[in-house]
Amino acid sequence: MSLRVFEAAKYMIENSLTSGKIATVEEIEELQSKLMNLLPEWLTDLMRTTPLCASKIIWQEFLPSEDDDGMSLMLLLDKDEMIIETIEAVPGYAVFEKGYISIGYCLMKTGNPYFICIHEGEDPPVYRLVHDYGEETDEIIEHRELVADKFSNLLLASKVVEKDPYED
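When we follow the numbering used here, the leftmost residue of the sequence shown carries the number 1, and every step to the right adds one.
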């Protein structure tokens with residue numbers, strides 16, 4: 001497993017008041033089966049050892065403006081949601097064959113999913129893939145938005161929150 005990603009996840013959880021859950025061996029086996037055994041070992045190890053699944057994380061993604069605090073809120077996916085967002089929903093199933101795995105989705109503004117590409121190493125960039133391009137694989141990838149240059153950097157910049165701080 002990528003030590004940097006593991007340490008970043010541990011740091012984020014230690015500096016938060018709550019956490020998600022750890023995936024069971026059975027959940028990982030089902031996830032691997034559904035995703036054609038393409039999940040990288042570092043990600044399955046992380047899911048089995050660190051309570052990130054079903055966590056809500058918040059971080060400063062943009063500079064604040066007059067009408068927006070610049071914060072983003074993501075749900076890190078559990079097994080069932082990862083399967084749905086990666087191989088059943090758009091844009092996931094359109095980019096799955098290119099190595100994109102959904103790790104979360106936006107809980108604030110757009111509902112757009114967040115992805116990593118399994119071909120980009122043990123600490124890959126995190127991308128937001130927008131729904132605007134339907135099933136057009138090349139268009140989806142061309143218009144992906146870089147959220148973090150490394151997954152570990154996203155975790156280091158985030159805190160786990162129990163509930164959506166923007167809900168009434």
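No lab work stands behind these hints, which were simulated from the structure alone. Fair warning: there could be bad hints in the mix.
Below, simulated PhoX-like cross-link-like pairs (lysine-lysine); rule was C-alpha separation at most 25 Å, straight line [said to hold, decoys possible]:
1. K34 / K163
2. K79 / K159
3. K79 / K150
4. K98 / K79
5. K163 / K79
6. K21 / K159
7. K34 / K159
8. K98 / K21
What follows is a set of in silico ranges between Cβ atoms, one per label pair, in the way DEER data are often shown [stated by the list, open to error]:
9. E139 / L17: 16 to 26 Å
10. T18 / E97: 21 to 31 Å
11. G134 / N15: 19 to 29 Å
12. E66 / E41: 41 to 51 Å
13. T18 / D132: 27 to 37 Å
14. E136 / L17: 24 to 34 Å
15. D45 / H119: 32 to 42 Å
16. E120 / M36: 25 to 35 Å
On a predicted model such as this, the values are computed, not experimentally measured, just so you know. Every residue gets a Cβ at the ideal spot worked out from N, C-alpha and C, and that includes glycine.
Unsatisfied constraints (hint numbers, rising): Violated: hints 1, 7, 8, 9, 10, 11, 14, 15, 16.
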